[in-house]
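Line by line, the protein sequences give chains A and R. Reminder that position 47 of the first sequence reads as 47 in the working numbering, one-by-one numbering, no gaps. Reminder that position 80 of the second sequence reads as 80 in the working numbering, one-by-one numbering, no gaps.
A couple of the hints might just be wrong.
Below, computed lysine-lysine pairings styled on BS3-like, alpha-carbon distance capped at 30 Å [stated by the list, open to error]: (1) A:Lys287 to A:Lys106; (2) A:Lys252 to A:Lys287; (3) R:Lys120 to A:Lys213; (4) R:Lys120 to R:Lys99; (5) A:Lys202 to A:Lys249; (6) A:Lys106 to R:Lys120; (7) A:Lys249 to A:Lys213; (8) A:Lys252 to R:Lys120; (9) R:Lys120 to A:Lys202; (10) A:Lys251 to R:Lys120; (11) A:Lys252 to A:Lys202.
Hints listed in this document are in silico derivations from the structure and should not be mistaken for laboratory results.
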Amino acid sequence: MPNPTEQRRTNVAGGSSRRSFVLMGAGALLGLLMAGYSLFTARGTSTMVVPPEDVALINQQPISRSDYLLQLQTLYGVDLRHATAAQRRQVLDDMIREELLVQRGKELDVASADPEVRAAMVNAVELEIAADAIAQQPTEAQLRVYYASHRARYASEGTMSLRDYVFPPSESRAAAEAAETPQFTTPTRALLERWHASASGKVADEEFYFAAKIHLGDRLFEAARDLADGRVSAPVSEADGIHILYMIKNKKPVPLNFAAARDQVLTDYRNEAIGHLRTGDEAFLRKRANILIAEDVR
Amino acid sequence: MALACLMAAVQLHSSQIEGRLLRSDPNSIPSSAALMLFARERGGALFGVHCAVCHGQLGQGDTERGIPDLTDDDWLYGMGSVSDIEQIVKYGIRSSNPKAWNLAIMPAYARARPSVRDSKIPALSPANIRDLAEFLIREQGRAGDTAAATRGAELFAAEGGCYDCHAADGRGDPAVGAPNLTDRITLYGDGSRESLSMSIAYGRHGVCPAWATRIGAAEIREVALFVYSLSHEPRRTETDRHAESD
């Protein structure tokens, strides 16, 4: 006959052990439920359920809901509420078809044979790298440091207003005389006729430096660039005759302050970051690749 | 155990609302107070982390840096619907993402080659640029040099090629992100002759990154709804009205 104290102990131990088993079972069940839920809903796992952000899964490849809506808008100019069932079906069918063909293209390895696909893939990968760089917004301090170290790049375009007179190649003496004459700055028709000179017509009233360079040519532009307002150049011989320039107003390029140049600084900063990332990526790809080169082209 | 269950319940509830948020037509979500409340709270936090560095914590923008004001009703790309905003958050503007808004770039007319993309766009002279700025001043109803404005109007409609993006009436085109030049809302600068001339002379091409590969679809929608809410009063639904009358 068990004594009552032992009986109580046995009962307590039995109850405690049962509670332990129940709790352990509940824990295991909860764990299984959580694992199962994660297994079938986590990104990148094989699933039978279409995630809420997608409208379809084609061999586990998602067709994004927002792309679907955009396509509806682009094709029919309607949002989801106003699209007819036929429009929805058509857009979805088109997107499924496209995804199937893309997947088939991968199976067939079309990139190995089609230069356009190759070019598109190269472009897409380069753009992806650039997108990474663009997403990393530099701080104002970083931009200011960049601006300070590349200050020479950021200047306004210079402008000049000048007159360009051309003398016949045989009139070098007249040209030299004219350049020394005070009236040259506002020559009369009579004076020009006496010198056998005429306006070249190469430049307009006021031009940006780049335009003046194109219109005048490199040598004449070099002669003009450093002329101060109201000054006359020395005669410059060109194929069409001897030129003398009279500078009315020369507004040289002015360095842009940070605020004015910020847009360009940001663009240059990003372009440099994109360049670094592309170089780094290419180095990484080369490093991990097994590249064998034929002996005769090494 | 109880805490774990509570956390799991909260997580499940959030997942369910996220699912509803994602499955709903984005443009109809603002009429659901519950979904908007959920999205604005989470979207606001995400906006603070990812977007505020440029747009400011309140989305007020910065005309010195060409950052648009998200609290007004002037939209540069699209018409400001939730789906329009969502596309921008997802794919960006000139972000290098192939689906980004990427059609138009304001040329730099004071450079030898104003547009790197289109070699046919001609450079303009300093006088041309001044005339165009005067034309814009006149179109905004401000006093200026009438003769210069008339010359500028001719340039706008012909040689300058401005009409191509900004439309013949200068009212812009949200399909390419070309701003309305006839109102007084400026993206860059203070709208003065100098700042208008700077935009014409040296071009503009603001960038917004694409978040498609960096944050999830639900987060993108939450940010879009938060941005939408910055310029829209919350809509009062029946539920709200009952709550107020109680």
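These are the hints, each one checked on the structure:
| no. | hint | in the structure |
| --- | --- | --- |
| 1 | A:Lys287 to A:Lys106 | 25 Å, holds |
| 2 | A:Lys252 to A:Lys287 | 49 Å, violated |
| 3 | R:Lys120 to A:Lys213 | 19 Å, holds |
| 4 | R:Lys120 to R:Lys99 | 25 Å, holds |
| 5 | A:Lys202 to A:Lys249 | 17 Å, holds |
| 6 | A:Lys106 to R:Lys120 | 39 Å, violated |
| 7 | A:Lys249 to A:Lys213 | 16 Å, holds |
| 8 | A:Lys252 to R:Lys120 | 27 Å, holds |
| 9 | R:Lys120 to A:Lys202 | 22 Å, holds |
| 10 | A:Lys251 to R:Lys120 | 27 Å, holds |
| 11 | A:Lys252 to A:Lys202 | 20 Å, holds |
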